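J.: Listed below are the residues making up each chain.
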Amino acid sequence: MMYLTLAWRNIWRNKRRSYITIASITFAVLLACVMRSLQLGSYERMIENAARFYTGYIQIHKNGYWNEKIIDNSFTYDDKLIKTVESTQGVVSAVPRVESFALAGYGSKTKGSLIIGIDPEKENTLTRVKEKIVKGNYLESGDKAAMIAEGLATYLNIGIGDTLVLIGQGYHGANAAGLYVVKGIMKFPVPEQNNQTVYIPIKEAQWFFAMDNMITSISLVVDKAKNVDKIVANISANVDTGQLEVMGWRDLMPDLVQGIEIDNISGRVMLGILYIVIGFGMFGTFLMMTAERMYEFGVMMSVGMKRYKMQLIIFLEMGMMTAIGVLMGVGISLPILIYYYNNPIFMSGESAAAIESFGIEAAYFFSLQPQLFYNQAWAILIMALILSIYPLYIIHKLKPVEAMREA
Amino acid sequence: MQNKMKYLITATILSLASLCFGQTAKEIIQRADDKMQGNSNKSLMRMTIVRPDWKREVTMKGWALGRKYSLILITAPARDKGSAFLKREKEMWNWQPSIDRVIKLPPSMMLQSWMGSDFTNDDLVKESSIVNDYTHSLGADTIINNLDCYKIILIPFPDAPVVWGKIIVYIDKTEYNQHLVYYYDEDDFLINTMVLSKLKNMGGRIIPTHLEMIPADEPQNKTVIEYLSMEFDLDLKDSFFSLQNMKRIR
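Protein sequence lines, in the order shown, are assigned to chains B and F.
Numbering (my numbering) for the first sequence: 10 to 416.
Numbering (my numbering) for the second sequence: 6 to 255.
No wet-lab data here; the hints were simulated from the structure.
Computed from a prediction, not measured in an experiment: that's the story for all the values here.
By construction, the Cβ of each residue, glycine as well, lies at the ideal position given by its N, Cα and C atoms.
Any given hint could be a false lead.
What the hints assert, rightly or not - Below, in silico cross-link-like pairs of lysine-lysine (DSS-like), each with a Cα-Cα straight-line distance of 27 Å or less:
#1 F/K95 x B/K78
#2 B/K118 x F/K95
#3 F/K95 x B/K212
#4 F/K60 x B/K212
#5 B/K153 x F/K95
#6 B/K153 x F/K86
#7 F/K252 x B/K71
#8 B/K120 x F/K60
#9 F/K252 x B/K120
Said to hold, decoys possible - Facing chain F, according to a computed beta carbon distance under 7 Å, are these residues of chain B, among others:
#10 V174
#11 H181
#12 N184
#13 L188
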């Protein structure tokens, strides 16, 4: 206890020196936290955009559909299945879809398009597609009509009230041909979606593709993204997995997951460089402190202070200053991150348009995952303790007379 | 006198022999092909597409004139009723009444499945080429369903627009009907097997009325075509096989 008191008093003996050390640690933690938060935040947003607003966190399809997305790999949508899925804990709603490709034509223009048969109300709970409408109205389940993406509509030169021709191949090669009045035009941020999507009510899609009562996928809205694995396991246990596959978003979007992993590695490299820079800054303050206190060390030792006791005190000083710095760093970054977490920074103008053309939202998002903070705190703490080997080593080698004379 | 008689007998035997054994493989194919086609024909067919967990029936009417023209009209199921396929020479057209459009099937679609069956669009268009696009040779005779059959091996000409590397056809010696056809690819792998059975008298000819096409790589799949009725040598003109008539015909 006495050592603790001694260490504490030592810290405040030279306030300015300690402030510099603490400040360098504080800024290190702050910088690392903000950078990491920004990065993790953008990943969370990417996953949310993809999973929350398109694929869903979990999807159910016929076995093999995800590898070979053809209409022949569809399955029967019956009440028993709906009940099983919807009664699983954590599932908010189950959204059925029929998805396949067909040609969309109007006048003399034709383009290959993704035809998505939707249950209009349920679909809206997942993808909020209603908000994407820029012209016309949202579909209703009884309509024999279509909603078409803006880019496709522009290409076909088709407007509200015009009749869209769809032609393609249905279930097991059946002839698929139909006419649909355009009821709404939607605008999607992702160009790929914006240039080829056609929505029709699911009943119409089932008729069009000649697949009564069958669907290609069920997308699930879940209460919490982190429960995905548990829900997947629960549903898998209750459905015939010989027939159906239940997949979480990591399996659904391996390209996104891998893209994030690659980016994450580059983020870690940057973080490593940041740590090195910060480390040298901290080392500088430790060096300064050791040099300044050389005389003191010499005197202490000459009056009979044991080396290991002095080392212990110095070590405690370092530990305390680092802890104070880390806590302050987290303390300062927390309100900043909370603010930006709730108010993401949206870009505007040309740079925003350039970023959006890659299919990415032009905004900075922040994350508030707790691991973010304690990871940084641990890293800096460990680094500070490693750096404190230097003063301990100096004391270990110290010769009192030389130390006093040099100082 | 006796010499003359001998000569006559020899001549008769020789000519009979040539009649019985002297026909070339090509003539046999030609004869079998003519028998199924006639100069022109009209038929009522039911096609059943069979998959392990699913099947579909399509009924249709067909008209054909020579090898160049044919027209197929779908009469059931209801969703496809009225759509028609027209073949004129080497071109193929599809009429879709539900969208009020005529679509010309491009060459790239020729190898795709016709209406989801195990037949390709090409099978419909180029049926007659088994006579003209192949060299024919006779193999050992075989007995199929108690009928003595010729085995004829067809190898396509190098420049023929044909997808098969080899076709083996079994044709019986009395009625000249095809009974079994094997389709091989260029590497001599079996791709499709067609089994023809249920001989019946239709339009004055004894013909097989039950055709099964079985893909070799998916033996649980098959497509069955049954002839419900068939008439031969009707008075059809090539003007019957027009785009206008394709839309009108019932």
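J.: Against this structure, judge whether each hint is valid.
T.: Okay, the hints, checked on the actual structure:
1. F/K95 x B/K78: Distance ~33 Å between F/K95 and B/K78 Cα, so the pair is violated.
2. B/K118 x F/K95: It holds: about 26 Å lies between the C-alpha atoms, which stays within 27 Å.
3. F/K95 x B/K212: Roughly 38 Å between the alpha carbons, so the hint for F/K95 and B/K212 is violated.
4. F/K60 x B/K212: Judged against 27 Å, a Cα distance of about 21 Å means the pair holds.
5. B/K153 x F/K95: 38 Å, violated
6. B/K153 x F/K86: Status holds; Cα separation ~20 Å.
7. F/K252 x B/K71: Distance ~39 Å between F/K252 and B/K71 Cα, so the pair is violated.
8. B/K120 x F/K60: Given pair B/K120, F/K60 is violated - Cα atoms ~31 Å apart, limit 27 Å.
9. F/K252 x B/K120: 25 Å, holds
10. V174: 5 Å, holds
11. H181: 5 Å, holds
12. N184: Cβ of B/N184 sits 5 Å from chain F, so the hint holds.
13. L188: 6 Å, holds
When each numbered hint is compared with the structure, violations occur for hints 1, 3, 5, 7, 8.
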